[in-house]
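*Asks:* For the protein sequence lines, the chains are A and B, in the order given.
Start counting at 1 in the first sequence, then tack on 310, and there's your number in the numbering used here.
Start counting at 1 in the second sequence, then tack on 310, and there's your number in the numbering used here.
Worth double-checking, as some hints may not be accurate.
[To be verified] Below, a list of computed lysine-lysine pairs in the BS3-like style, where the Cα atoms sit at most 30 angstroms apart: (1) A:LYS460 with B:LYS518; (2) B:LYS510 with A:LYS467; (3) A:LYS467 with B:LYS467; (4) B:LYS341 with A:LYS467; (5) A:LYS467 with B:LYS459.
In short, the hints are calculated from the structure, not lab data.
There are 2 protein chains.
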Amino acid sequence: MTRVDIRLTPEEKYQLITRNLQEVLGEDKLKELLKERDIKVYWGTATTGKPHIGYFVPMSKVADFLMAGCEVTILFADLHAYLDNMKAPWELLKLRTEYYEAVIKALLESIGVPLDKLKFVRGTDYQLSREYTLDVYRLSSQVTEHDAKKAGAEVVKQVESPLLSGLLYPGLQALDEEYLGVDVQFGGVDQRKIFILAEKYLPNLGYKKRIHLMNPMVPGLSGSKMSSSELDSKIDLLEPAASVEKKVKKGNRLLFAVFPLAPPQAHLPLGCQSFLRGGKPRKQRGAVFRQVCAVPPLLSQGHRRLCDQEAGQVRGRHHLPLL
Amino acid sequence: MTRVDIRLTPEEKYQLITRNLQEVLGEDKLKELLKERDIKVYWGTATTGKPHIGYFVPMSKVADFLMAGCEVTILFADLHAYLDNMKAPWELLKLRTEYYEAVIKALLESIGVPLDKLKFVRGTDYQLSREYTLDVYRLSSQVTEHDAKKAGAEVVKQVESPLLSGLLYPGLQALDEEYLGVDVQFGGVDQRKIFILAEKYLPNLGYKKRIHLMNPMVPGLSGSKMSSSELDSKIDLLEPAASVEKKVKKGNRLLFAVFPLAPPQAHLPLGCQSFLRGGKPRKQRGAVFRQVCAVPPLLSQGHRRLCDQEAGQVRGRHHLPLL
Chain A
311 MTRVDIRLTP EEKYQLITRN LQEVLGEDKL KELLKERDIK VYWGTATTGK PHIGYFVPMS
371 KVADFLMAGC EVTILFADLH AYLDNMKAPW ELLKLRTEYY EAVIKALLES IGVPLDKLKF
431 VRGTDYQLSR EYTLDVYRLS SQVTEHDAKK AGAEVVKQVE SPLLSGLLYP GLQALDEEYL
491 GVDVQFGGVD QRKIFILAEK YLPNLGYKKR IHLMNPMVPG LSGSKMSSSE LDSKIDLLEP
551 AASVEKKVKK GNRLLFAVFP LAPPQAHLPL GCQSFLRGGK PRKQRGAVFR QVCAVPPLLS
611 QGHRRLCDQE AGQVRGRHHL PLL
Chain B
311 MTRVDIRLTP EEKYQLITRN LQEVLGEDKL KELLKERDIK VYWGTATTGK PHIGYFVPMS
371 KVADFLMAGC EVTILFADLH AYLDNMKAPW ELLKLRTEYY EAVIKALLES IGVPLDKLKF
431 VRGTDYQLSR EYTLDVYRLS SQVTEHDAKK AGAEVVKQVE SPLLSGLLYP GLQALDEEYL
491 GVDVQFGGVD QRKIFILAEK YLPNLGYKKR IHLMNPMVPG LSGSKMSSSE LDSKIDLLEP
551 AASVEKKVKK GNRLLFAVFP LAPPQAHLPL GCQSFLRGGK PRKQRGAVFR QVCAVPPLLS
611 QGHRRLCDQE AGQVRGRHHL PLL
């Protein structure tokens, strides 16, 4: 199992925390903090659809954070999911969040992350409180429409008649940093403009500016990023075999979808490589899919070994299909 | 004192409720309701500055509502005041609301309105509750930016970089109708677009569409309407004599500022009429000001008599200046 290594130097912790990231905002502050104490990190996910294989990427970073001695909070942003253009009807949110929690826990377990080092929080646990709500109003009395719209441009679904909720979303995410009591927010680079808004406005409310760590995005099968709420762009963790085969047949973008951060073919069996170059015999597609399910590319050797050991178990528990 | 006359017919109540209004939305529904029972009305005021003499106009309608057997709630919208472009710094809101309550109570007493028939509520009493906040989010997931902006156009201060809070304002005012449990919202015609938004969106949340009653506006000394937060546009109830004189000297718009609903010069002493035509001897300005303080134009004979009796007392209590 992944364990905090208390013998790591601040510099080693810094390297572990920031490896494979696309961008770090607040590098110096992060280094300073690590000299003083272990840090608190939060990663949030809006429960807008079933988690897909791309979730392995942030989860492998969560593993890094834990190894570096961080306290990590995973926020299930159920209220955000509701706000984001009504993707999740309110009545379904509770059930969906329960599903997310089960899937993400299994996913973390499959790559050897001990759950006792993590905290799981739901947005509605605190985002409807009097104190938080007052801060939402305080913040919205400082944030311009222009800044709110700009901040949400890459995350809030862009529609012809945008809803008011889409403008609230970024401010709430900024306030979460304060209410979750963290030093760092971690997310995909698609969150960059929200992080900038948080850095700009939190100090106006008397709260400290946080450090921001950004992952590269996992590209989707169709579209710029893999999205839980867009069926055609993602391969779901529980996707039926027939559906996976159909999606894989549609194009050869799977490589880019699943292995964007690793040297492209380094971890792939030879069969997969030829599959991804255009030759697509059935057994090679099967090999790719097993890779997707069982060996996330960013894992350390130790992780991969653990994952191999647990693969059967995980697959059995979640009925992961094999081509 | 003004008392509910239980012998009024539904038609007589309707006439009393709607007299001197500029517009009624839901006329038929109002007539139907009055055949069944007495109705509940709400009037809200954002505590953005010190109340001015224009407040006599809605207060005289509140008197009408009470005479017609209505239950009337006056909402001190302290949260709205905060949202409206930060006119009221948060720390001052509580004190300001206390001042509003004292002034409005005195104002109602001066025109013979019994306070025991009125309910005073502050926005922050319920607008930060979990239930209300969830409804704000539900509503903002339905209201488009376009509709929110349009609704607030005449009420929210229009600035170069509009704040997010200005877009929230109209939705909150719509929800107030549900949370105050009223049949009717009453306000100036400047609220018309907000009322339209409320009529459009409340039914989407499963709440009933309310009746809307609209007053003509009291024009300001400078600008389109008298505004509590714009010193140059208003004559304050507690305005120092020197300041009133200065404002009156600036123009001859006082007639339109104070007597927009009555036949222009019907209630004015002869001296005031000549003053308003351009001759401005000192004692005539004084006469106008006494009129402003003591004899609101829309009051019934009974009101005026009561007001005359109480004028000295009210003036003494609140240190109303005389020119």
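*Asks:* It remains to establish, for every hint, whether it holds in the given structure.
*Replies:* Status of the hints after comparison with the structure:
1. A:LYS460 with B:LYS518: Outside the cut-off at roughly 35 angstroms; violated.
2. B:LYS510 with A:LYS467: Given pair B:LYS510, A:LYS467 holds - Cα atoms ~24 angstroms apart, limit 30 angstroms.
3. A:LYS467 with B:LYS467: 29 angstroms, holds
4. B:LYS341 with A:LYS467: 45 angstroms, violated
5. A:LYS467 with B:LYS459: 20 angstroms, holds
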